Amino acid sequence: MKRTLLQSILLYATVIVVCGFLLFPIYWMIITSLAPASALRSFPPQFWPANPQWSTYTNLIFNTDMPRWLFNSALVAIVSTAISLLVSVLAAYSLSRYTMKGGEAVGLFILMSKMLPATMLIIPLFGIFRSLGLMGSLWSLIIAHATAIVPFATWMLKGYFDSIPQELEQAAQVDGCTPWGALFRVILPVSAPGLAATALYGFVLSWADYLYARTFLASATHNWTANIGIATFKGEYQTDWNVIMAASLLAALPIMLAYLFLQRYLVGGLTAGSGK
Amino acid sequence: MSEFSQSRPAAPIVRRSHGLFGIDLASPRHANKLGYLLLAPAALLILAILVYPMLLAIDLSFHDVKFATLSFGADDYTLKNYQRLFSSPEFWNAIRTTCMLLLVVTSISLCVGMGTALLVNQQFRGRSFARMLIALPWAVPEVVAVVTWVWILDASFGVLNWLLLKAGLIGGQVSWFSSPGSAFSAVTMVMVWKGYPFISIMILAGLQSIPEEFYQAAKVDGANVFQRFIWITVPCLAPVLGVTLVLTVLWVFRDFSIIYVLTGGGPVGATETLAIMTYEEAFSFFRMGYASSIGVVTLLICAVISAFLVKKTSHAIY
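Read top to bottom, the protein sequences are chains A and B.
Residues 1 to 276 in this note's numbering are what the first sequence spells out, letter by letter.
Residues 1001 to 1318 in this note's numbering are what the second sequence spells out, letter by letter.
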């Protein structure tokens, strides 16, 4: 399909305007974080930082708890994703390859858990963690995040395993592999992109959580995650928007970079996992 | 494969393993045992961290308790929570707010998602870069998105008020979070911004799977752009749209962070959804039993809505 020059220009203009419009909040976050505090209390707003204030970032990194909170977020996300993936890979493989009594029920429950409101689940979890003495501990978050990651990862990986032909394991077993060997030496290496996408989603899910973190870690400041830190900054430094935006950007950056560099896998995983 | 098997002619074709519990898991007779074994860890974990808490919450909803107890049936069962719930104007207000939000956010997100997907489905140089950028808000954590929007919507120095003033659309500075209507639109803005990228990603994937021949054939038959969209694109997208719609609806219905950080449900309950009400009852007023009953009702509504949507869209395919 050939376009005229005018049509091409119009298309590009539309793309640029739409992108600019939709991405403005991200742009504004970056610009604000670099602006001097005084410039934020004057009209008209500066759309380009005349002299970027990098000190906002160095201050945030060296003089606040922000690095610790980021570390906590990462720790919780990595551990809960790792634990969830460990059990989900096996379960997803089992659901994909074996016909079992009860297999259907597990599958159905996984679907239903997608409808479970987290604001309801948190009530019994609160009671359980209190009696286990896990309040304020990062373990409470790791377990709470696993409640969301396990069902979702199992479902997504099942979809992925379903797309791998059974002949692959049969060939491996004919060649002398045990069923375990077929899974670990043949199927898992083949599903590396799917595993990576699922792990990333798990990480994103955990990293974005605010509900559980706020409720379970309320008084344990040193165990806070980045999201509680930012929400608290919003309340405390009402007018220091450059600090709040810098902290926000630091919290958003890991996920945004992962998205930009691994978009191909993420999109593949997202559409494959939920298309089933 | 043939070279591979020839390279080790001495090995037995099927090696017997007697590793686990002395059961030969490779034999067809025991094949399903391996299936159960693989499923067991996840099943146990789900039982412990999902099924048990869920039953506990349902049990709680039938008890008049202030705090979450771990013992089932501690007191007599009572329907008090549900009676109170259905006669509470706050609950019906939350239902109305949730449904309004659902309708507004889902339809706007769907339009923006569809528009952006159609746009970056065009062929042009730099298309893959545009595809990447257009769904970038997906990667912004909800709390970060909210805090950024609070700054954009700031009454005195927010950039949106400045732009609207400059354009002459508003007479004076709007204090977005102090009136019910504007707070509701603020919540809508942020939710659409966080919600459209997922829809866009899903629709784009759906668009790419529609064969180009369909469009060519329609063009030969003289169908215009609009007709091609209605009669080819929409029906072909129906299954994808169905799944996307269900997931988006469930998200709006249950989301907590965006509204809680943005408005806290206020002013005067204008943005209080069922999720916010559940949380407030549980952790501000410590009425755990009552809060659980709201959660149970939310769960039931979610189940009904998704069953309905799944049915509707599976009809649409055929």
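Treat the hints as calculated values from the structure; they're not laboratory data.
Because the structure is a prediction, the values reported are computed rather than measured.
For each residue, glycine too, the CB sits at the ideal point set by N, CA and C.
Treat the hints with care, since some could be wrong.
Label pairs and their calculated CB-CB ranges [claimed, not checked]: (1) B:F1086 - A:L168: 50 to 58 Å; (2) B:E1213 - A:L168: 26 to 34 Å; (3) B:V1268 - A:M135: 26 to 34 Å; (4) B:E1090 - A:R185: 41 to 49 Å; (5) A:I16 - B:L1164: 27 to 35 Å; (6) A:T14 - B:S1182: 38 to 46 Å; (7) B:N1093 - A:R185: 39 to 47 Å.
Calculated lysine to any residue pairs in the SDA-like style (CA-CA distance at most 25 Å, straight line) [what the hints assert, rightly or not]: (8) B:K1033 - A:S163; (9) A:K234 - B:F1177; (10) B:K1066 - B:K1219; (11) B:K1080 - B:L1102; (12) A:K101 - A:A182; (13) A:K101 - B:L1045; (14) B:K1219 - B:F1286; (15) A:K114 - B:L1300.
Going down the list of hints, with the structure as the test:
1. In this structure the hint that F1086 (chain B) and L168 (chain A) lie 50 to 58 Å apart at CB holds, the actual value being about 55 Å.
2. Checking the proposed 26 to 34 Å range against E1213 (chain B) and L168 (chain A) shows it holds: the Cβ atoms sit about 32 Å from each other.
3. For the hinted restraint 26 to 34 Å between V1268 (chain B) and M135 (chain A), the CB-CB distance of approximately 33 Å keeps it satisfied.
4. Distance hint check: the CB atoms of E1090 (chain B) and R185 (chain A) are about 58 Å apart, inconsistent with the given range 41 to 49 Å.
5. A C-beta distance of roughly 22 Å is found between I16 (chain A) and L1164 (chain B), which places it outside the suggested range of 27 to 35 Å.
6. Between T14 (chain A) and S1182 (chain B), the C-beta spacing of about 29 Å breaks the proposed range 38 to 46 Å.
7. The hint said 39 to 47 Å for the Cβ distance between N1093 (chain B) and R185 (chain A), and at roughly 58 Å that hint is violated.
8. Between K1033 (chain B) and S163 (chain A), the direct Cα distance comes to roughly 23 Å. Compliance with the 25 Å bound is thereby established for this hinted pair.
9. In summary, the hint linking K234 (chain A) to F1177 (chain B) is supported, as the alpha carbons are separated by about 15 Å, within the 25 Å threshold.
10. Between K1066 (chain B) and K1219 (chain B) the alpha-carbon distance is near 66 Å, which puts this suggested pair outside the 25 Å criterion.
11. For the hint linking K1080 (chain B) to L1102 (chain B), the alpha-carbon distance of about 29 Å lies beyond 25 Å, and the restraint is violated.
12. As the CA atoms of K101 (chain A) and A182 (chain A) are separated by approximately 23 Å, the hinted pair is consistent with the 25 Å bound.
13. Between K101 (chain A) and L1045 (chain B) the CA atoms are separated by roughly 19 Å; this keeps the pair inside 25 Å, and the hint holds.
14. With a CA separation close to 63 Å, the supplied pair K1219 (chain B) and F1286 (chain B) exceeds the 25 Å bound.
15. This hinted pair checks out: K114 (chain A) and L1300 (chain B) have alpha carbons roughly 12 Å apart, not beyond 25 Å.
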